[in-house]
Structure formats: C-alpha cells, structure tokens
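If you read the sequences in order, they're chains A and B.
Position 163, counted from 1, in the first sequence is what our numbering calls 163; the numbers after and before it change by one each time, with no gaps.
Just add 1000 to wherever you are in the second sequence, counting from 1, and you've got our numbering.
Just so you know, the hints here were simulated from the structure itself, not pulled from any lab data.
Incorrect hints may have been included.
Unchecked claim - Cβ-Cβ distance ranges computed for the label pairs, FRET-style:
#: 1; chain 1: A; residue 1: Ser-127; chain 2: B; residue 2: Ala-1358; range: 41 to 49 Å
#: 2; chain 1: A; residue 1: Phe-138; chain 2: B; residue 2: Val-1174; range: 20 to 28 Å
#: 3; chain 1: B; residue 1: Gln-1177; chain 2: A; residue 2: Thr-118; range: 39 to 47 Å
Claimed, not checked - Below, simulated SDA-like cross-link-like pairs (lysine to any residue); rule was C-alpha separation at most 25 Å, straight line:
#: 4; chain 1: B; residue 1: Lys-1294; chain 2: A; residue 2: Phe-138
#: 5; chain 1: B; residue 1: Lys-1294; chain 2: A; residue 2: Val-115
#: 6; chain 1: B; residue 1: Lys-1195; chain 2: A; residue 2: Phe-138
What the hints assert, rightly or not - In silico contact screen, one side only, chain A against chain B (beta carbon under 10 Å); selected entries:
#: 7; residue: Arg-113
#: 8; residue: Pro-124
#: 9; residue: Arg-144
Don't be surprised by glycine CBs; every beta carbon is placed ideally from N, CA and C.
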Amino acid sequence: MDTLVTQVFNGLSGGSILLLAALGLALTFGQMGVINMAHGEFIMAGAYTAYVTQNVLGSAGLSLLVSLPIAFAVGGVLGVVLEATLLRRMYHRPLDTLLVTWGVSLVLQQLARDVFGTAGVDVPAPSWLSGPVEVLGFAFPRTRLFILLLAVAAFLVLAAALRYTALGRRIRATVQNRPLAETSGISTRATDRLTFFIGSGLAGVAGVALTLMGSISANLGTSYIVDAFLVVVVGGIGQIRGAVIAAFLLGVAQSWIEYSTTASIAKVLVFALIVAFLQVRPQGIFTVRTRSLA
Amino acid sequence: MLSACGARVDAAGSGGAAAAPSCVDTSGSEIKVGFLNSRSGTMAISENTVFDSLSLAAEQINAAGGVLGKQLNVVAEDGASEPTIFAEKAQKLIRSDCVAAVFGGWTSSSRKAMLPVFESNNSLLFYPVQYEGLESSKNIFYTGATTNQQIIPALDYLKEQGVTSLFLVGSDYVFPQTANKIIKAYAAANGIEIKGEEYAPLGHTDFATIVAKVRDAGAGAVFNTLNGDSNVAFFKEYKNLGLTPAAMPVISVSIAEEEVGGIGVDNIIDQPVAWNYYQTIDTPTNKQFVEAFKAKYGATRVTSDPMEAAYTSLFLWKGMVEKAGSFDVAAVQAAAGGVSYDAPEGTVTVNGENHHIAKTALIGKIGADGLIHTEWSSGAPIEPDPYLKTYPWASGLAS
Chain A
1 MDTLVTQVFN
11 GLSGGSILLL
21 AALGLALTFG
31 QMGVINMAHG
41 EFIMAGAYTA
51 YVTQNVLGSA
61 GLSLLVSLPI
71 AFAVGGVLGV
81 VLEATLLRRM
91 YHRPLDTLLV
101 TWGVSLVLQQ
111 LARDVFGTAG
121 VDVPAPSWLS
131 GPVEVLGFAF
141 PRTRLFILLL
151 AVAAFLVLAA
161 ALRYTALGRR
171 IRATVQNRPL
181 AETSGISTRA
191 TDRLTFFIGS
201 GLAGVAGVAL
211 TLMGSISANL
221 GTSYIVDAFL
231 VVVVGGIGQI
241 RGAVIAAFLL
251 GVAQSWIEYS
261 TTASIAKVLV
271 FALIVAFLQV
281 RPQGIFTVRT
291 RSLA
Chain B
1001 MLSACGARVD
1011 AAGSGGAAAA
1021 PSCVDTSGSE
1031 IKVGFLNSRS
1041 GTMAISENTV
1051 FDSLSLAAEQ
1061 INAAGGVLGK
1071 QLNVVAEDGA
1081 SEPTIFAEKA
1091 QKLIRSDCVA
1101 AVFGGWTSSS
1111 RKAMLPVFES
1121 NNSLLFYPVQ
1131 YEGLESSKNI
1141 FYTGATTNQQ
1151 IIPALDYLKE
1161 QGVTSLFLVG
1171 SDYVFPQTAN
1181 KIIKAYAAAN
1191 GIEIKGEEYA
1201 PLGHTDFATI
1211 VAKVRDAGAG
1221 AVFNTLNGDS
1231 NVAFFKEYKN
1241 LGLTPAAMPV
1251 ISVSIAEEEV
1261 GGIGVDNIID
1271 QPVAWNYYQT
1281 IDTPTNKQFV
1291 EAFKAKYGAT
1301 RVTSDPMEAA
1311 YTSLFLWKGM
1321 VEKAGSFDVA
1331 AVQAAAGGVS
1341 YDAPEGTVTV
1351 NGENHHIAKT
1361 ALIGKIGADG
1371 LIHTEWSSGA
1381 PIEPDPYLKT
1391 YPWASGLAS
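The following block holds chain B by itself, in its conformation from the complex (with noise of 0.2 Å):
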C-alpha cells in the first residue's frame, strides 16, 4: 500500500520539468474543488471551522451561479492533523479527483509538506492562516496575513502606546522563534528594550515560573506567541498573580474569537490582539457574512480571522478564472495579481509577484461579551512583504 502510493509520487515526480498533463475535467456543467482541513486530530477543533467557512463560501457561489457558469462540486478530504497524510491527500485531490484548486491547511507544517506535491502537480493551494513569512510558491496562494501584516503592525501600535520595553513569550516551535526573531529586529531599531524571552513547551500547563519572570522583569507589555491550551494556563496565572491589562498588556497573535470563551473573558478581558478581521467589523458585508453564516450552523457560533480568510479565499479564487475566463492553472496564475474582493475584513487584493495578498491590520481589544473590538487599524491595506524587503531593519532576517 505505501509502496504503491510512494511509486504514485515518484512517477508523478519524474514527469519532469513539464509536469503531468492536467486532469482537470472542464467539459461539464460542474467543476470540483478540493476542501483539505483536518476533520480529526489535535488540530480539528481549528481546522473544522475554516471547513465550515469554505462550505459556506462554495454554497454561495453555487447559489449565484457557480464559477464561469459552472457549479462547484465539493471534493472534501480529511488531513487528519498529520502533515504527511495532508501531503497523500492532496496527491489523491489533484491526481485522481482532478480538482481545479485545493483550499485548506492550518499548521505551517501542513503547508510545508503539500508544498512539494503542488509544485510538482503544478496545481493550486489556497492557504487561509496567518504564518511565519519567509516563503512564496507561484502555486499557493496566502490569504493569511504575513508578519508585516500581522506582527509589524502590532509592534508600532505597542510604539504608539509608548511601550518601551518588551517581554516575549511563545510556545517552543518555528511560529513563535520567528516571529520573535523579527520582533527582536524591530525593537533594536526602534529603541525597544527586550526585558526577556521564554518559551514553553507544546502543552506546557505550568505557567508559575515563567509569568513570575514576566512580572520580575517588568516590561511595559508582553508579546504572546504562545498556542492553543497553554494561553488558558497562561492567562489564570497571569490574573491569578494581580498582573492586569492596564499595567501591563499582554499582545497576542494566536488569540481569536474561538479561543476566547475556553480561556475565560474574565481571565483576559482587555487585553489586546493583532489580527486582521473580528466578527464585530461594523460593515455591510461583514454583517451580511455573520449572518450567513450563523443561519446555517447556529446561532452560538462565532466567525474568526482564519475562518474569514478560508471564505475569502474561495471567492478570490472565483475572481482570478474569472478574469482568467480559465480554470487553467497558468491563466489563473497569470490573472491573479490585481484580483481584489469586496470581504468581511474590507477590500483585499492579490499581489501578482508574492501572492499573498494586500489586508488592513487591525488590533482589538476582548470585550465583556467574548468577541474583539477593534480598538486600531492601519487604515489602508498593507501590501504584502514575506521576506520583509522594505524594512531595512529586517535586512539579516531572512538569510
């Protein structure tokens, strides 16, 4: 079984410079997509609302008509949390299903592993997360943030608030070590003090020593990269000590409305976060978004920055065939840059070169009801920037 799969790659693979001839099939009244979330696993409670999301996305499309005329027939496929069954799976979605585009992927170890399998299948990725930058594949396709629209932002509204000195905490994996790596760099151009840099381990569910560090060193707020049950560990410690917003906030990335309700609003109300689109977003389109999608799965359940990005995505994706008049991979590549789409986040727009594309960083603050109120904004969207070229401080970072 492996074997055979493995000889599947290979011959894939060897199909050389010219990749194997897509199988796409556009003959028909129907078109099929790939959805690659991990429906089971550590990483399904995430995963399984950005499938929500694209669901949604894909019934809307095919309400309005579908893509050129043609219905989007769902192919969903589960990456079960493991980057190497994500990497198999897309292997059977582009080969066998012969889907136009796959929209999916969570972990950057996830997207790591597909990378190669699109390259070589020469097919589409849509990759809906914020991550580490630092990477660009003429086959995916980033409608995440990147750190300069995630990170960077975040530091200059810290600057803006006259913070002065900075204490970094993160979970022990390549998310946190780089973003901090690019915070380091910015505060030594920015006259920032960095007071201290801890990192926890996956899981770590004792936060005693490190938030007693935090409180000993007493920087002017906290960077938090930390991920998933060890914010809940961290946040109770942090309260439980009398450490508070007000004397010292504590900025996260990891932190959306999802996350919220499991850490308790109580244990980190007003504290900010740097994302990108909250459910609270106070326009036509974003109400019209919320609405949707609580009509459909329930009235309880919140929208989130990834989820919002997954729903974009697809309708991206809609635009450049569109503009394309193809489902061809080279013509969709070709239309790409200058896309844009009116989304629940605000208007975005595909960069040609980088394809990531161009969004407005937005720090909220945790509101007594659970969701994020938008407290700052960039104002305008910011143009991509993975490896951080513009920024002549970043110079030594993306060796």
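Bound-form chain A, shown alone (with noise of 0.2 Å):
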C-alpha cells in the first residue's frame, strides 16, 4: 500500500514534468508540424531566467513565482525571433528545420556557456518548497507537488484559450485548414508567429520549474528535448489532451517498471513500449479529423 501510493506519486509527479516541457511542444510541434530542436533550449533559458531573477531580487521567497511570467516572456521572444528569422522560411521542409534548430541548439548551449560559465548553476528553492508534506503518514515533496499544480493549470489555461478565445479560435482554424482560414481573413502569418510565442513561452515557463529538481547548466535542455517529442508523438500530433494523456501514462509507467526493475532497464521498457503502441497506432492516442489536403 505505501509503496502504492509512493509510486502512484511519484508517476504522476514524473508525468506533470514532462507534460510541463512538452506541452509547448505540442503547439509548436504538434499544431504547426514544426519540428524545434532548440525547444530543450527554450527550457533552458527559462531556468536561467529563474536564476536570474533570483539573483537580483535577492530572496528566494517569491522570486521563483516571479520568474514564471518573465520566463515565459523570454522564451517566446526566443520563439518569435527563431521563428521570424529563421523557420518561417522553410515551412514545408522539416527535414532542414529538424537541421536547423538543431544548429540553433547548439549555438544557444555555447552562449549559454559563455554568458553563465560552464559549471552548473543553483536556483535554491523557497522556504515554502522546502521539504515534504505529511498526508496520511506519506511525505509529498512540496517541489513536485508545486510542479504538479503547475502543469495542470498551464494546460487548463493553454486548453480553455484556445476552446474559447478568438485567438485560439485563429489557432485551430489555422491549423485545421490553412487556404480556407486565409480566404475568411484570418492573418495565418501573425497567427503563427502568437502560437510560436506560446509554445516557446511555456518552454520557459518549464524551465522555471525544472529549477526545482535537477541541475541548471547549458546543457539542461538535451535531457528533456527527447522526452518532450515522445510524449507528443504517443498523444497524437495535433491534440493537446492527447500529450496530457500520454505525459501522465509514460510518467507513471517508467516509475512503476523502475520500481520494480532499475532505472536502465524502465528506460529501454518504456521505449520499447512506445515503439510497440506506435506500431498499432501511429498517429497516437488522439487524432484531428480535418478536411485539410495536405
């Protein structure tokens, strides 16, 4: 029983990670067919964004929770300026986008290095975070249940702007039949360039709560990057709920098979798992029907 509930947690903790750092993924590349390598990078610029703004507001108290907003502000612009420069110019080769981030990846781990140094970097968390929280004789991380009430709400709010926003509506219109939105008036290429603020911007705001776990260095983006296309790819491109689904199964799978296994042998399961469900359902768990040609 404990150690169902431990591991019930701990999964569902594992899941709200990695739907935190892909569910901006799951706009950019699920609802754009964009394929950004330098998203793991995105991520990272949020969690120095953390750093730094804890460094100037000097308390650990409340920075962290301020950090949220301007993290997010940072990894859209990041977005926006990849996009502007770079990804509007080859929308319909992903081979080269894939070429591409990946090169702006690169480059941007290198800036990183040379701006913060090559050592990690700490963000301590708030007193308020510090420690677990007894329920039922069970300790609960104050981190990851703090991480866990942020993916939820980051996809309550990303889910209901675009069910009931006119931007959102802008979105799926786009998405769902790109000719037929133009010819109604809708500009595709601002429509675009919001939703790469979006989903970059919630990259950031990742980054932000990975602060909490792991390490902060210029290469914190490439342990989570891999992760984030999966849970997309096993949702079913297109879906939101869908990377929320799969999120919280790969989360709770690789925990359980850890338990019970190692961490190693979790990791070849899961992907193993995952190449197997591909085979009998390629386009994931959720599919958009459209009326689209291409």
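Make one complex out of these two single chains by using the hints.
What follows is the structure, encoded as structure tokens:
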C-alpha cells in the first residue's frame, strides 16, 4: 500500500514534469508541425531566467513566482525571433527545419556557457517549498506538488484559451485548414507567430519548474527534448489533451517499471512500449480529423 | 584523411618490439611537453580546470629555471571529450610534436584509448584523476587515487562511525560498477549489510523512485558513485523527501569543490565526501598553491583534487627527469620509483612498480562556505595497490 501510493505519486509527478516540458512542443510541433530541436534550449533559457531573477531579487521567497511570467516572455521572444528569422522560410521543409533548429540549439548552449560559465548554477528552493508535506503518514515533496499543480494549471489555461478565445479559434482554424483560414480573413502569418510565442513561452515556464528538480547548466534542455517529442508523438499530433494523457501514462509507466526493476531497464522498456504502441497506432492516442488536403 | 591517419598508426605500431626511435629534441634550451585535455564537449567543464592547474605548474617550473635547465614549451591539444580523438592527438603529440611526456585525460575511456598509443610509441602519460583501479602500465603514471586510496578508506571511515548497512547508488557505467564490486566484497568481509544497489543511466534526471527505494531500505549510509548532473537531481530529491546527513549520510566519491555550487550548498551541506585533497588543507604548501591559482585565474575559482593531482604530476615528472639526469623514457621509468614531492595534499611518493603514487586519504564534509573541510585522515600516505593484492577479501575481484 505504501509503495502503491508513493509510486503512483512519483509517476504522476514524473508525468507532470514531462507534460510541462512537452506542452509548448504540443503547440509548435503538434499544431504547427515545426520540428524545433531548440525547444530544449528555450527550457534552459527559462531555468537561467529563474536564476537571474533570484539573483536580482535576492530572496528565494517570491522570486520563483515572479520568474514564471518573465521566463514565459523570455522563452516566447526567443521563439518568435527564431520563427521570424529562420523557420518561416522553411515551413514545408521539415528535414531542413530539424537541422537548422538543431544548429540553433548548439549555438544557444554555447551562448549559455559563455554567459553563465560551464559549471552548473543553483536556484535554491524557497522555504515554502522545501521539505515534504505529511499526509496520512506519506511524505510528498512540496516541490513535486508545486510542479504537478503548475503543469495542470498550464494545461487548463492553454486548453481554455484554445477553446474559448478568438485567438484560440484562429489557431485552430489555421491548423485545420490554412487556405480556408486565409480566405476567411485570418492573418495566418500573425497567427503562426503568436502560436510560436505561446509554445516557446511554455518552455520557459517549464524551465523555471525544472530548477526545483535538477541541475541548471547549458545542457539542461538536451535531457528533456527527446522525452518531450515522445510525449507529443504518443499523444497524437495536433492534440493537446493527447499530450496530457501520454505524459502521465509515460510517467507512471517509468516509475512503476523503475520500482520493480532498475532505472536503465525502465528506460528501455518504456521505449519498447512506445515503439510497440506506435506500431498499432501510428497516429498516437488521439488524432485530428480535418478536411484539409495537406 | 582517415586512412592516412590509420596508416601512420600502423607504421608506428609495426615498428616492432623496438618502437620507433624517439624524436624528442633535447638539444636546445627548451623541452616540449604535451597537455591533452578536453577543451570542448561534455567533459570540458571538468578538464578545463585540470588544464588551468597544469598551465600554472608549467609557469612556476619555468620561472624557477625549468627542468634540467630547459624551459618547458607546452603543446596543448583538445581531446574534445572523445576517446578516439584522445588517441589521435596523443599520437600527434608523440610523433609530430615530439613531446617528452603528455599530461591529461580524465575519463577512463579516454585513458584506455590512449594506453596502446603510449605503449606502442614507448612514451609517457601522466593521468591525474581517481579511477577504478585494476590497471598498471609502465607508460602511464597515475597521480590520482586508485581504489585503495579512496573507496576503501571511505568504507573504513563509515565502519568507524558505526555504520552497519549501506545502500549503493551509482551511474550505470564502469567506475560505479567496479567500485560497488569492491564495496560489496569489503562489506561481506566486515559484516556490513548491503541493503540495496541502484544504477541510474548517465544523465538521469528524475530520482524520485531511487530515493524512495533508498528511504524505504533504511540503510545506515548511502555510498554515492553518481556522476555529473545526476548528483544535483539526487541531492535535491534527497533533501525534499526530508532525508538528512545526520540520519543517513551520503558519502560521495565524485563530488569536489567545483560541483558543490551547482548542487547547491543547502542541498548537500554536512554530507561527507572522500578524496585526497581539499582546498582547505592547512599547510603552507597548499596555501601557496591556492593563492597562486587564484592570483592567476581569479578569486572566485576553487581548487579540487584532480586539479591538484595534475599540478603535482608535472612536478613529479620534473623530479623523475632530474633524478635520471635525462629526458629519455627508459631512464625516467627507471628513476621513477621513490621520487617524492611535497604536494599541496601532503608528501606523495611514486611507486616504481605500479606507477601509482602513495597518498593520504581524507574524508571531508561540505561546509556552509561551499568548501570541503577535512573530518578524518588515514594519517599517513597509503601505498597504491591497484589490483588490491594486499587485501585478502578482495582476492576474487581482480580476475
């Protein structure tokens, strides 16, 4: 029973970290079809934003919360710059996009090394997030609860924005049928840019959350980029809720297999499960039915 | 390009039992030495610090008149964190630059890749990092600790502290696997119970499950051989679950002064580590070393065990050459045994048989200042024993 509760919690927590890392990608890759290998570096930029914010504000108290919107803006601006300078020239060349964004990710990593040094930096968790919460004799780390709430909140806000706002309708229209959207008077260029801003901004938010979990160094993004792509692919391209379900499934699977075997074997088995799943359902958990010819 | 390179290696290798004659030029007022460190790639973060301390040693030796009256002319090459590049660059340093000796390497895979190059060319490598032992070459001098100078003293320390059970956590590669084999043999012979053994893939970032297993097993202490960034995630998780060094200390063998800042002092304060050198060692020699290093590279820089071992390696080579009265490899090898140097870590002496050095083991604890403070010492230098021949309980390990 102890193990059950602990491992379900660890699985959900691992899933929430995956979800945060992948949510932005579910927009830029899932909705727009852009393979952005630099998404991981936007996460890294968010983490360093938290570091800089904390150094400026001094106290560890509220700087974490303050850095959330700042990191969203930093990630978003990086995304827009990338979109406006490089990506828009290659919207129909996915392989070129992959190589170019991979190059950009290497450049950003080296930039981070030059600015912040090669050694990792630390963002101490604020006192209200340190240590565990005891519930019915179980210890849950506060940092993990915080990330779980943040991931769920980020998803709900994003889903609501896509569903109920004019901007959300424009994004969905552009994704489902670009020519028709254009004919209806939607500026698809502006929509692309905004979508990229939001998706990349979410990567920045993920970066802030990850400072609570692990090391903050130039290669932070590389640890998460593959998992983030996996989540989007398993969830189904074009579906935000697919990413949510995929993230939590992968998180729980990883933590359960890891508990009964080892971390290395769990990683292999999770990969094997994903490959097997994609054989049966190559389109992922959910698919979008569109009338677009593309 | 590649085939030409391969052909050259073959030509050197097929020189036969008597390796190609050394091309080291000892006629002028300078003598060339090679520094081979990863200046780029994932290992650059660690190896740049070793390069810095080697450069300081070369500068100091030159200022004091050089070696046998010759100034050191340093040829620096980048191993780029790739074992194959280490091997290629070592070949280049020996055959094209004609250096008298090479200093560098960090990962065991880089050392293993360079070993045949140094043996077939009959040249010398000085390797500055603690490693998993079970190796000895007449062409390599190992100035970091072997297992009986770091891991076994760490176990002795834990035993003295009354620890009767251990949990082993490590990264999934050769050093932790070998170290844990030794730890398990020691534990079996000393009545210490091993409560669990967990390996995480290199670069693993989520330690929730592993730390939960550690907590549930309730061992007296954790023996940590995790590498790199995984330590950050591990210690943050450890603290967030409410585990403390007072209740269950985590002794680490891969965390030095350089890494403490990235982990966060709050997350690792009071945890023990095992090395042979700390920046805080209170001797005049070490103070001079630390001051010279900070004067050259900045007051915020710290000095760590591998850096000190690299710094020391250049002075040990100088001692060997001066004892031999020659830069000739065979003469240096013959003179090596018994050469000693008053290093920042204390007096170290070269073992002529296995080419490791006798050094003192120190257990330190991480302080609020982010530095490591000595808690326990083996008292005297420990003779290196890379194959653990002098430990009856380890008889089955070397095979």
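For each hint, the structure was consulted:
{"no.": "1", "hint": "Ser-127/A x Ala-1358/B: 41 to 49 Å", "verdict": "47 Å, holds"}
{"no.": "2", "hint": "Phe-138/A x Val-1174/B: 20 to 28 Å", "verdict": "37 Å, violated"}
{"no.": "3", "hint": "Gln-1177/B x Thr-118/A: 39 to 47 Å", "verdict": "27 Å, violated"}
{"no.": "4", "hint": "Lys-1294/B x Phe-138/A", "verdict": "48 Å, violated"}
{"no.": "5", "hint": "Lys-1294/B x Val-115/A", "verdict": "21 Å, holds"}
{"no.": "6", "hint": "Lys-1195/B x Phe-138/A", "verdict": "22 Å, holds"}
{"no.": "7", "hint": "Arg-113", "verdict": "9 Å, holds"}
{"no.": "8", "hint": "Pro-124", "verdict": "5 Å, holds"}
{"no.": "9", "hint": "Arg-144", "verdict": "7 Å, holds"}
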